[in-house]
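Visitor: Sequence:
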Amino acid sequence: MTTHALAGVGLFVSGAAFSQVLALGIAAWRVVRRRRQVVRALGPPAPDPSGTGPSCGS
1 MTTHALAGVG LFVSGAAFSQ VLALGIAAWR VVRRRRQVVR ALGPPAPDPS
51 GTGPSCGS
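Here the working numbering is used: position 28 in the sequence shown is 28, and no number is missing along the way.
Just so you know, these hints were derived from the structure itself, not from any lab. All values derive from a computational prediction rather than experimental measurement. Cβ atoms here follow ideal geometry from the backbone N, Cα and C, with glycine treated the same way. Among the hints, a few may not be true.
With beta-carbon atoms standing in for the labels, derived distance ranges [claimed, not checked]:
#1 Met1 - Gly43: 39 to 47 Å
#2 Leu6 - Leu42: 53 to 61 Å
#3 Ser19 - Leu42: 28 to 36 Å
#4 Val39 - Met1: 51 to 59 Å
#5 Ala28 - Leu6: 27 to 35 Å
#6 Leu6 - Asp48: 28 to 36 Å
#7 Ala17 - Pro44: 31 to 39 Å
#8 Val31 - Leu11: 27 to 35 Å
#9 Pro45 - Ala16: 48 to 56 Å
#10 Asp48 - Ala5: 29 to 37 Å
#11 His4 - Arg40: 48 to 56 Å
Go ahead and model the full structure; you've got the sequences and the hints to work with.
Guide: Structure below.
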């Protein structure tokens, strides 16, 4: 394989990796944004009635 072909493959792979990172970042941002919209509309979640939640101190 020539240097030119290797450079082309490298650019293709790095471009694909960048696209995946960008897509995952946008998806995570949308999840956080949606969660904030739900909390804003409904208020914070109710406390765990069993008392075994992470804020229980145990």
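Visitor: All hints are to be evaluated individually against the structure, with a verdict given for each.
Guide: Here is what the structure says about each hint:
| no. | hint | verdict |
| --- | --- | --- |
| 1 | Met1 - Gly43: 39 to 47 Å | 60 Å, violated |
| 2 | Leu6 - Leu42: 53 to 61 Å | 54 Å, holds |
| 3 | Ser19 - Leu42: 28 to 36 Å | 35 Å, holds |
| 4 | Val39 - Met1: 51 to 59 Å | 53 Å, holds |
| 5 | Ala28 - Leu6: 27 to 35 Å | 33 Å, holds |
| 6 | Leu6 - Asp48: 28 to 36 Å | 56 Å, violated |
| 7 | Ala17 - Pro44: 31 to 39 Å | 38 Å, holds |
| 8 | Val31 - Leu11: 27 to 35 Å | 31 Å, holds |
| 9 | Pro45 - Ala16: 48 to 56 Å | 38 Å, violated |
| 10 | Asp48 - Ala5: 29 to 37 Å | 58 Å, violated |
| 11 | His4 - Arg40: 48 to 56 Å | 53 Å, holds |
Of the hints listed earlier, those the structure fails to meet are numbers 1, 6, 9, 10, in rising order.
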